[in-house]
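Protein chains: 2
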Amino acid sequence: MPPVSPLAPASTPTLPVLAGVRLATAAAGVRYKGRTDLMVAEMAPGTTVGGVLTRSLTAGAPVELCRKHLAQGEGRVLVVNSGNSNTFTGARGQAVVDATVEAAARLFACAPEAVFVSSTGVIGEPPPGDKITGALPDLKAQLKPDAWAAAAAAIMTTDTFPKVATRSAKIDGVAVTINGICKGSGMIAPDMATMLAYVFTDAGLAAPVVQSLLRAGTDKSFNCMTVDGDTSTSDTLLMFATGKAGHKPVTDVNDPRLADFTAQLEDLLIDLAKQTARDGEGATKFVEIRVVGAEHAAAARRIALSIANSPLVKTAIAGEDANWGRIVMAVGKAGERADRDKLAITIGGVAVARNGEPVTGYDETPVVAHMKGREIDIEVDVGIGSGTATVWTCDLTHGYIDINGSYRT
Amino acid sequence: MPPVSPLAPASTPTLPVLAGVRLATAAAGVRYKGRTDLMVAEMAPGTTVGGVLTRSLTAGAPVELCRKHLAQGEGRVLVVNSGNSNTFTGARGQAVVDATVEAAARLFACAPEAVFVSSTGVIGEPPPGDKITGALPDLKAQLKPDAWAAAAAAIMTTDTFPKVATRSAKIDGVAVTINGICKGSGMIAPDMATMLAYVFTDAGLAAPVVQSLLRAGTDKSFNCMTVDGDTSTSDTLLMFATGKAGHKPVTDVNDPRLADFTAQLEDLLIDLAKQTARDGEGATKFVEIRVVGAEHAAAARRIALSIANSPLVKTAIAGEDANWGRIVMAVGKAGERADRDKLAITIGGVAVARNGEPVTGYDETPVVAHMKGREIDIEVDVGIGSGTATVWTCDLTHGYIDINGSYRT
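Sequences listed follow chains V and P, in order.
Take the first sequence: its position 136, counted from the start at 1, is 135 in numbering that gives the first Met the number 0, and no numbers get skipped.
Take the second sequence: its position 130, counted from the start at 1, is 129 in numbering that gives the first Met the number 0, and no numbers get skipped.
In short, the hints are calculated from the structure, not lab data.
Take these hints with a grain of salt, some might be off.
For chains that are exact copies, the list does not tell them apart, and a pair is met inside one copy or across any two.
As a list, the in silico SDA-like pairs of lysine to any residue whose alpha-carbon atoms are at most 25 Å apart [what the hints assert, rightly or not]:
(1) K371 - I402
(2) K243 - E287
(3) K371 - H397
(4) K130 - D97
(5) K273 - A297
(6) K341 - L52
(7) K371 - R214
(8) K143 - G360
(9) K169 - R214
(10) K371 - F107
(11) K341 - E63
(12) K219 - N354
(13) K130 - A343
(14) K32 - A104
(15) K371 - G45
(16) K67 - R336
(17) K130 - T359
(18) K143 - E319
(19) K341 - A94
(20) K341 - P125
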């Protein structure tokens, strides 16, 4: 077991029970020994679901299943395994997904279309379907409303800590809860939802509302985060809404009653996205990159991601070197409008470059101190418009090379 | 001094004298101690020039100067310094370029527009202009027709070996020579010409012909090579044609007399591009990625570059792991048409995946042996069209992190 990331949150919240959701985990031996690798969540009848899935053109069979099942909007059972992504596994992999859906639908007495399956881990090896379906009856018998920490642990791969978050909001004066769990920590680049993430709420939301809220929230959270610029073939973010909180269901995403919920959901998604960057493979620094003054918001995000994905910027940060020349390079290659002579760069709150040249005689002492810390703040003012974006990432270290040079062995 | 890349060519060709070109180098102390860092090439009157420059929007003052001077098509003096890229250096950097051009034009009695300047090294620190202009008279006194190896060495930064290549061709039955030098080895991603490269020939070519040949050759060489996906702010490829070989000058790029020259030039550019990938920072494996069956050639190149730039693919290669699942991932994120279920992957000539799944029971022994070698061959058949591309890169190792975590210190 690798040591826990030095960037892990100081404390882990205990997720509250959420009416209409029960969870269980098992050590099914899909790949890992001596740890859980299978998680089942059961949602109450009538639970709606929305989802955002990878845009990868080589996505796995579980992703395609989720895409198909999302069309009908009900979510009753979620089955997630770690250790094997069931991607690029052809007919054999598809058969495993089909068998899992069939077994779960029979066991939980629901429509097959209400079963969702995710897999994460090695690509290109058909998973042992029997181990997954064989474990389901026992998992059903062990379902508990408070098994959130165990569920978050069971879906981990190279993650060094489980990622959980919880928020509460009011709809119609009724308190609702939002719980989220997700896993990182490599092959992480935002092309919608990165990696596996699951959000549960007892709010009553029509399926199209869940879908709209999730897509909007994703753009401000997971799509603003990158570890290595490599987009997973399994990226899946699902949200289940049980409606057990008791308020009158929301059927229109523009309903003003959603204001607080929307804000809290966005906050939770950002929390999970940041935790994922904090557990980036080999990470020793958490980096927040804010771009202002771009042509528009999408341009700002592309520039921020160009900086966040640059191996030269990331290795400089790992080396605690405020090498802002590499930030200039990354702005220049982003392909968005920029004017070298209007560019300004701030590191840790200190202006280091302005109007296309270094700030003469700036005091490097606080910048050097900032680079030695765990949290690095970079702000770039492109100077030509009003588009802004914030992106989170981590540094690129020897740890990343160690982990990924020997992942399969 | 870091050790020479294990991927360096076994032998270095001696570049022949080329009528109309003389070179000299100096240790001007721009940044490095105890090595040459300044190179001057003098071309005979009437020498034509073409160039391909970075598309970075934060390009340095020397790049902008070259872009401006290329418009008139005559190339008489080339001044290149290493150690400082004179990029993002504002008015002070521009003044250094202006002073260099003025001093060189006076000294060599040519039009200022026939002087070309390149700089490579750290970004954001105005270079010591006096050291550069001060060294010019002595450099002029030392010009020699055979100083090619010294010239290639003077322009190196983190390169571990000088990169030179030579070819001969016939135009109108007259033998002409093409000599090329270039430098790598980080911040290397193809967005036209990557890094600094200079090609000289005694062929007689009108400037627009030089320009056309160079742009076409770049697309098949430097634009098919990447080290780290980071596009330099200083990328410059210039070709000078002195016309001293004596054949009747070529004024039309479609002139059939150019057939042999075009082929030899392309071969030389590919040679230099491959040498640059072989000297990628920290490289231990040279990787050739061939994509066939893509929608069109540009799609094939984008897919090949998506694979070549993937940190997960590159670290797996460093770890000698034939983790082709990551190749599937990189195809999927490339944004070009692909069909998971038609994809085929070959490593070292052995088919490992076909029709969207692993080849059952393929013999891994030759693949394992191939991964332990220095030269890695990957072929991907996208299976949907006839577009092909070949791209060269290297692996991503601890050496890259070492070099780039402490470049400025």
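Taking the hints in turn, this is what the structure says about them:
no., hint, verdict
1, K371 - I402, "both (23 Å within a copy, 18 Å between copies)"
2, K243 - E287, "neither (37 Å within a copy, 57 Å between copies)"
3, K371 - H397, "both (17 Å within a copy, 21 Å between copies)"
4, K130 - D97, "within (14 Å within a copy, 72 Å between copies)"
5, K273 - A297, "within (20 Å within a copy, 35 Å between copies)"
6, K341 - L52, "between (38 Å within a copy, 22 Å between copies)"
7, K371 - R214, "neither (36 Å within a copy, 44 Å between copies)"
8, K143 - G360, "neither (61 Å within a copy, 42 Å between copies)"
9, K169 - R214, "within (21 Å within a copy, 62 Å between copies)"
10, K371 - F107, "neither (52 Å within a copy, 50 Å between copies)"
11, K341 - E63, "between (45 Å within a copy, 16 Å between copies)"
12, K219 - N354, "neither (29 Å within a copy, 37 Å between copies)"
13, K130 - A343, "neither (56 Å within a copy, 29 Å between copies)"
14, K32 - A104, "neither (28 Å within a copy, 72 Å between copies)"
15, K371 - G45, "neither (51 Å within a copy, 55 Å between copies)"
16, K67 - R336, "between (38 Å within a copy, 21 Å between copies)"
17, K130 - T359, "between (65 Å within a copy, 21 Å between copies)"
18, K143 - E319, "neither (46 Å within a copy, 44 Å between copies)"
19, K341 - A94, "between (57 Å within a copy, 18 Å between copies)"
20, K341 - P125, "between (53 Å within a copy, 17 Å between copies)"
When each numbered hint is compared with the structure, violations occur for hints 2, 7, 8, 10, 12, 13, 14, 15 and 18.
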